[in-house]
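Numbering (UniProt numbering), first residue to last: 1 to 449.
Everything labelled a hint here was simulated from the structure, so no lab data went into it.
Predicted model, so just to flag it, every value in this text is computed and none were measured.
Certain hints may be false.
[Claimed, not checked] Label-pair restraints from in silico Cβ distances:
(1) E259 / V322: 48 to 56 Å
(2) P49 / V96: 18 to 26 Å
(3) D255 / L324: 40 to 48 Å
(4) P49 / G308: 26 to 34 Å
(5) C424 / I249: 44 to 52 Å
(6) S58 / V435: 47 to 55 Å
(7) P79 / G308: 33 to 41 Å
(8) R318 / G52: 52 to 60 Å
Here a beta-carbon is modelled for each residue, glycine too, at the ideal position from N, C-alpha and C.
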Amino acid sequence: MVVGFVLCAAGRALLIPLFGSVDEVNHLDYAFQLWHGQWPDFFEGPVIPGSGPKTPLSVQAVSQHPPLFYLIMAPLAGPLTDSYGVLIAGLAARAVNVLLGATAVATIGYAARVAFPKNQLLAPVATLIAALCCSMLGVSGAVYNDTLATLLMAVCMALTFQFIRLGPSRCRWILLAMVCCAALLTRLSLMVVVAVCMAAIVAEGFARGAGRDRWGRWTSMVNAVAIGLLVALSSGWFYLRNVRLTGTITGGHPDWAAEHFNTVSVSVGELATRAETWHRLLSLFVPVPALGRIGLLLILVPAACGLGAGIVAIARKRVQRVDLAVAGLLGVEAVLIVAMQLKYSAGGGGLHPRYLLPALLTLAVVMAAGLTCSRRLAGVATGVWLVAWAMFFVRWWWQQAQQFSANPDGGFPAWPTPATVLLCAGCVLWLLAVVRIGRLGVSRRRTAI
1 MVVGFVLCAA GRALLIPLFG SVDEVNHLDY AFQLWHGQWP DFFEGPVIPG
51 SGPKTPLSVQ AVSQHPPLFY LIMAPLAGPL TDSYGVLIAG LAARAVNVLL
101 GATAVATIGY AARVAFPKNQ LLAPVATLIA ALCCSMLGVS GAVYNDTLAT
151 LLMAVCMALT FQFIRLGPSR CRWILLAMVC CAALLTRLSL MVVVAVCMAA
201 IVAEGFARGA GRDRWGRWTS MVNAVAIGLL VALSSGWFYL RNVRLTGTIT
251 GGHPDWAAEH FNTVSVSVGE LATRAETWHR LLSLFVPVPA LGRIGLLLIL
301 VPAACGLGAG IVAIARKRVQ RVDLAVAGLL GVEAVLIVAM QLKYSAGGGG
351 LHPRYLLPAL LTLAVVMAAG LTCSRRLAGV ATGVWLVAWA MFFVRWWWQQ
401 AQQFSANPDG GFPAWPTPAT VLLCAGCVLW LLAVVRIGRL GVSRRRTAI
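Please model the complete structure; the sequences and the hints are all you need to start from.
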């Protein structure tokens, strides 16, 4: 499944010309400027060679993001651009991003296994769902920091599940501190993930920490405060810089956006009641927002089955308290991510489905629970869902291949033929994964009988 993701994301990197994705030039330019010892400036715009002619709308739209992702990309964006040109640098950065995205998909599968270890089908199906997420494929086959953000989210959640199920250990505390610092050095939106995970770990300590060590129930609280201080020391300077430059911790420029894009602020409640909001936000599994209604169905049908299966399991007392704690953590994290996105969009921000990638783990787990609620039919249900997804994704892919074969965009080349070969290879691997899931479901059922 992960190998299939690598093939498909790599194909996407060859299918879409460099800078053919919105904001990709800004992400690569950020890394380029860091390599040359300067910070990107919003109003100066991208300065990397090949970014195109300057216009009133040529701004550095990602300059408010923390620098960790761009420090990772800088050794590629800087020297390769200077020596071989921006195309080679961009393709190399895309290749690294494909690996980051694949690691994120694999970590989501691992987190699903840690979350509910008794359900042997959940992790492979959740991994497949994450691999088929069009938004994840899109950002991995380009240069976007969403890949690293999704990876750090999954690691943070997996560690928290281990705290809840197995209790704390020195190694887990050290790993958690590192991940939390890295998360806030990647995207401010991950603050929600870090806060929810830390609250869950502190709650676990108060509930079961008596007699563990000298501090007992207070150990988790003390360690959480220490991690909070480390996070503030490691990333606080950047957010203070945002405040100094823009007056807000987010570093956004809503006044500029309102002037140039005619954005209008609305209330969160009004935005949440618009059908278009959910069509666009939940277009994670379709390649374009125009297919938002189909995308909504691809999520809601398996998710509704998963929630129904969970309610039945609770009613029949088949779950333990620790299972409810894990499910509650997943639910709270996803709700807060969606609420934060609604607040951002209500203030004039975009309704981009990739902004919901920090909630991909929750979606993958709930949808996988729905597709595997019947072990005997798990392979069939997953296969039907894969075919439904492919009907729209493969058609979109073919349209892009035809377009860029005839008319490459932005002056940069595309390679649609090898890209399509990689897509076909990825689809074959995903079909084999579905067959394996079906066999696993049948064998588990026979073992249980």
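For each hint, the structure was consulted:
1. E259 / V322: 48 to 56 Å: 52 Å, holds
2. P49 / V96: 18 to 26 Å: 20 Å, holds
3. D255 / L324: 40 to 48 Å: Since D255 and L324 have Cβ atoms about 45 Å apart, the given range 40 to 48 Å holds.
4. P49 / G308: 26 to 34 Å: At roughly 55 Å between Cβ atoms, G308 and P49 fall outside 26 to 34 Å, so the hint is violated.
5. C424 / I249: 44 to 52 Å: 46 Å, holds
6. S58 / V435: 47 to 55 Å: Since the Cβ atoms of S58 and V435 sit about 49 Å apart, the hinted range of 47 to 55 Å holds.
7. P79 / G308: 33 to 41 Å: Violated, since P79 and G308 (Cβ atoms, about 54 Å apart) do not stay within the stated range.
8. R318 / G52: 52 to 60 Å: 58 Å, holds
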